[in-house]
Every structure is written in C-alpha cells, then in structure tokens.
Amino acid sequence: MQTLINVGVAQMQTAANPTVLRTILGSCIGICIYDRVKKTGGMAHILLPNGSGSEKPEKYADTAIPLLINNLIKAGCKKENLSAKISGGASMFKFNPNISLAQIGEKNIEMTIKLLEENHIPIMAADVGGNAGRVIDFYLEDGRLKVRAGGKEKMYYKI
Amino acid sequence: MHEQIKQRLEQIVNNIGQLPSIPDVAGKVITMVNDPDASFSRIAEEISKDQAITTNVLKLCNSAYFSRGKEISSVERATVTLGIKEVKDIVFVAATKSILDKQIMGYDLAKGELWKHGLAVAVLSKHIAMIKKKSEIADIAFTGSIIHDVGKTVLALYVQSAFKEIVSLVDSKQITFQSAEREIMGFDHQEIGEKILTKWNFPQILRDIVRFHHEPENAPNESKLLVSIVHIANTICLMGGIGVGSDGLYHQISEEAIKTIGLKDQELENLYSNLPDTINNASAIQ
Ligand SMILES: [Fe+2]
Ligand SMILES: [Fe+2]
Numbered sequence: 256m257q258t259l260i261n262v263g264v265a266q267m268q269t270a271a272n273p274t275v276l277r278t279i280l281g282s283c284i285g286i287c288i289y290d291r292v293k294k295t296g297g298m299a300h301i302l303l304p305n306g307s308g309s310e311k312p313e314k315y316a317d318t319a320i321p322l323l324i325n326n327l328i329k330a331g332c333k334k335e336n337l338s339a340k341i342s343g344g345a346s347m348f349k350f351n352p353n354i355s356l357a358q359i360g361e362k363n364i365e366m367t368i369k370l371l372e373e374n375h376i377p378i379m380a381a382d383v384g385g386n387a388g389r390v391i392d393f394y395l396e397d398g399r400l401k402v403r404a405g406g407k408e409k410m411y412y413k414i
Numbered sequence: 006m007h008e009q010i011k012q013r014l015e016q017i018v019n020n021i022g023q024l025p026s027i028p029d030v031a032g033k034v035i036t037m038v039n040d041p042d043a044s045f046s047r048i049a050e051e052i053s054k055d056q057a058i059t060t061n062v063l064k065l066c067n068s069a070y071f072s073r074g075k076e077i078s079s080v081e082r083a084t085v086t087l088g089i090k091e092v093k094d095i096v097f098v099a100a101t102k103s104i105l106d107k108q109i110m111g112y113d114l115a116k117g118e119l120w121k122h123g124l125a126v127a128v129l130s131k132h133i134a135m136i137k138k139k140s141e142i143a144d145i146a147f148t149g150s151i152i153h154d155v156g157k158t159v160l161a162l163y164v165q166s167a168f169k170e171i172v173s174l175v176d177s178k179q180i181t182f183q184s185a186e187r188e189i190m191g192f193d194h195q196e197i198g199e200k201i202l203t204k205w206n207f208p209q210i211l212r213d214i215v216r217f218h219h220e221p222e223n224a225p226n227e228s229k230l231l232v233s234i235v236h237i238a239n240t241i242c243l244m245g246g247i248g249v250g251s252d253g254l255y256h257q258i259s260e261e262a263i264k265t266i267g268l269k270d271q272e273l274e275n276l277y278s279n280l281p282d283t284i285n286n287a288s289a290i291q
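Chains as they are written, first to last, in the working numbering: chain A, 256 to 414; chain P, 6 to 291.
Some hints could be false.
Stated by the list, open to error - Once the Cα atoms are required to be at most 27 angstroms apart in a straight line, the calculated DSS-like pairs of lysine-lysine come out as: (1) A:334 to A:401; (2) P:107 to A:409; (3) A:407 to P:90; (4) A:349 to A:311; (5) P:54 to P:90; (6) A:409 to P:54.
As the list claims (entries may be wrong) - For each label pair, taking beta carbons as the anchor points, the in silico distance ranges come out as: (7) P:104 to A:322: 38 to 48 angstroms; (8) A:372 to P:16: 50 to 60 angstroms; (9) P:67 to A:259: 25 to 35 angstroms; (10) P:288 to A:259: 10 to 20 angstroms; (11) A:369 to P:178: 33 to 43 angstroms; (12) A:271 to P:117: 22 to 32 angstroms; (13) A:294 to P:138: 49 to 59 angstroms.
Hints listed in this document are in silico derivations from the structure and should not be mistaken for laboratory results. Note that beta-carbon positions come from the ideal geometry of N, C-alpha and C, so glycine has one too.
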C-alpha cells in the first residue's frame, strides 16, 4: 500500500518506497530529490528564493536544498546517487513589471537551479514557469514525478 | 461563445431555486449587525433558534483562531466576549461550510480546497485591514473573502465542458481565465456569485466583493477598498498554491488595488512571505 503524504507550504518531508509525496504549487517550487539505489527521496516546498538565514530554513530555496540533501544523507542515501526534479514557479498572468512580488516565481526557479548545481545534484526534469497551478505527486517506488496542471497530466520518469 | 451553456446559465440565474441556499440565520444576523436597534441578546436569540448552527458557532468561538482564552458556552456570552461583528463572522463560517466544502470538478479542486482557500483569503484579508488601520472593516473583509468564489460551485460543471474553449481563448486573446469564462459562457464565476448573494439578500458591499474580486478597478468607489483587499489576499493565496485550480494563475494582479490599499512593495512581499502563518491561522478555524 502506498501512503500519501501532503507536504504543505514551507515544509519538507523525506520518506522511502512506497510513499507518495504530494504538494500543490503556485509560484512556489516543489524540489524533489531521489536516491535511485536506496529508493528513498524527499520533497521541499519552498516559498521564496532566499531569506535572512535566521528563519525557518524550509521556506527558502537557498537553505532548504542543503537541508534536504543532509536529511537524505542522514536517512542513508549517498550523494552520488541523488538526482532532482523540480516543478512550480508560476507567475500571475497579468501584472505591472514594477511589482516585485510578481517576479517571485522566476526568482524561485533561478535560485533552485543555482543551488542544485552548486550542490552537484543533476536536474532530470524541470516542469516550471508559465501561469498554471500544479499538483505534483512524487512516487518513491521509482522516483517518477506526476505533474497535473490545467486539467492535464505529465509524467517524468528519468532518475 | 457556447450558446447552449449560456442559455442554461441564464435559466439558472433567472430561476433562483436552482442556486444554492444558506440557512436563514446568516442573512438575519448580517442585517442585525448593521441595525443599531438590534441588541446583543436579540442577535443571540436569533442564532439560538437554529440548533445545528448554534452547535457549530460555539465550537468555532472556542477554536484557536477566535477564542480569547475563556471557554464560551452560550451564544449570548459569545456576543459579549467576542463582540457582535466577530460572532457574525463565526455564524458565517458555520452557515457557508456545507456549500463550499466540496469537490469543485471543473476547476480541479479536491474536496476541501475551495473551503480552505476561502478561509485563508479571509484570514489574510482581515490581517491586511488590521495592518492598514482599517479595523472597522476587517469583519466585512473576512466574510466577503469566505464566499468570494461561491460562483465556482455553480459554474464548475459548465467550466468542465467548456474548458478547452476557455483555455484556447485565454491563449489566443491573452485574456484572464475569468474574462474567458464570461466570453465563452456568458457569465463568469464573479457574476454567478453575485446572483447567489442577491438570492440570499446579502448587503451590497458583499455582492461587490464577490462581483469584482478579479477586477477591483471596476468596483464602485464606495466598495473599492474592500474589494481591493480581498483581491490582494486572493492573489497572494493563489501564488502560494492555496486553492489554485485548473484556472491556475491566469488572473491579474491589479496595480490599482495595491494603490487603493496603500501597500508598499515590501509589505506585499511580507504578506506572501508570511503565508505559513496565514495557513496556520486558517486551519485553527474549526
Ligand atoms: Fe475568483
Ligand atoms: Fe479565490
């Protein structure tokens, strides 16, 4: 039996096969990291690219990514077996470009990619940007990611 | 334009029996709150006539979001301890839950998502009113937010069958999802929501919030501030993924709303950044 765990805004969760991790995304990013050998993975739902450092690390891409990697290593994963899939980072459809909040989706994407690269975690799929909301399901049995957006489903298998 | 759907929706709005109903007590309490002659005890008496609502109201009065610490065991006590405006908001939460707390098919919202969206928008709207020193309208911001998307409950079925047409119009004309709803089906979820509130005999200010929450620039002047507050709270919740459905973020952020409220860039970002608190507060309403 697969158990479904909902990962909320600014939360992080690691689990093993056969769990499914789910979250719903607007401008936030769902960062999914998987160990293909240990069949264990984790999801972070980040709200913003970077914070002041003193706050909840799960909320920001720059602190959540190292924390997620660390949690996976503590759970017995090996860094060289890890790979990532990312999703989310949508923007409002219409806005005046001088509203800085409206740029958050794009900034989240940039920072997430940068931090994963710095931590040498290869990105296998990036279903990001645009204006759609997304519901994502991360299957820890094989690391596949299902992205449901605008009434359509896409599956990403590469790990 | 999808003629069949348009005709069907015209039938529905002209025959209000087909629109959702709300317990009488909600409408009565709203009117009484605005009536200077209505006493606390009269309002409490009116609520107490509806046993099911009363049970829920008392539970909500003692929830982490509304409670002031002391256990409240009667509606009369609640009006004194929390004030009638707060009790009105609580009656409202109790009276609308069954209408909103369900799966909304065409918008791809699982059961509970539209309800939680309304609660989060309500908590955030109230917060915006408070930080902008407009506490006298915070209760209306709250009630209006709870039901701002009520039109979706009726429109969902038709959005489902016209979804492809709506999406392709959004794409080809670069218009928002809700504008495309109106162009394809003759009505958008704001207009259907307004009809529902008219059926319920709700005050104009609440009708305006429902009718203009995606286009606050078109709201009448006297309701522009409240509509703008709900618009911004709604936008921020959608960006945070709270209640985001098949219409996604295919909506606008109204610059006029930001100016009307007087929100600085940093304040706007803080509202978004503090979403985890908003979500916690919203889930404390039960
Ligand atoms: Fe709406
Ligand atoms: Fe909404």
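Hint check: residue 334 of chain A vs residue 401 of chain A, CA-CA at most 27 angstroms. Holds or violated?
holds, 24 angstroms
With respect to the beta-carbon atoms only, verify the hint that residue 288 of chain P and residue 259 of chain A lie 10 to 20 angstroms apart.
Holds, since residue 288 of chain P and residue 259 of chain A (Cβ atoms, about 18 angstroms apart) stay within the stated range.
Just tell me: holds or violated, for the beta carbon distance of residue 294 of chain A and residue 138 of chain P against 49 to 59 angstroms?
holds, 54 angstroms
Does residue 311 of chain A lie within 27 angstroms of residue 349 of chain A when you go C-alpha to C-alpha?
violated, 31 angstroms
Does the structure keep residue 54 of chain P and residue 90 of chain P at a Cα separation of 27 angstroms or less?
The given pair, whose Cα atoms are some 19 angstroms apart, holds under the 27 angstroms limit.
Honestly, do residue 271 of chain A and residue 117 of chain P meet the 22 to 32 angstroms range at C-beta?
Since residue 271 of chain A and residue 117 of chain P have Cβ atoms about 28 angstroms apart, the given range 22 to 32 angstroms holds.
Regarding residue 369 of chain A and residue 178 of chain P, is the given constraint of 33 to 43 angstroms on their beta-carbon distance met?
The hinted range 33 to 43 angstroms holds for residue 369 of chain A and residue 178 of chain P, with Cβ atoms some 36 angstroms apart.
Given the hinted pair residue 107 of chain P and residue 409 of chain A, is their Cα-Cα distance within 27 angstroms?
Given pair residue 107 of chain P, residue 409 of chain A holds - Cα atoms ~26 angstroms apart, limit 27 angstroms.
How does the Cβ-Cβ distance of residue 67 of chain P and residue 259 of chain A compare with 25 to 35 angstroms: does it lie in that range?
holds, 31 angstroms
May I ask you to test the hint 50 to 60 angstroms on the CB atoms belonging to residue 372 of chain A and residue 16 of chain P?
Holds, at about 57 angstroms.
Assess, step by step, whether the Cα of residue 409 of chain A is no farther than 27 angstroms from the Cα of residue 54 of chain P, and give holds or violated.
violated, 52 angstroms
Distance restraint evaluation - residue 104 of chain P, residue 322 of chain A, Cβ atoms, bounds 38 to 48 angstroms:
41 angstroms Cβ-Cβ, so the 38 to 48 angstroms window holds.
Hints 3, 4 and 6 from the list above are not met by this structure, while the remaining hints are.
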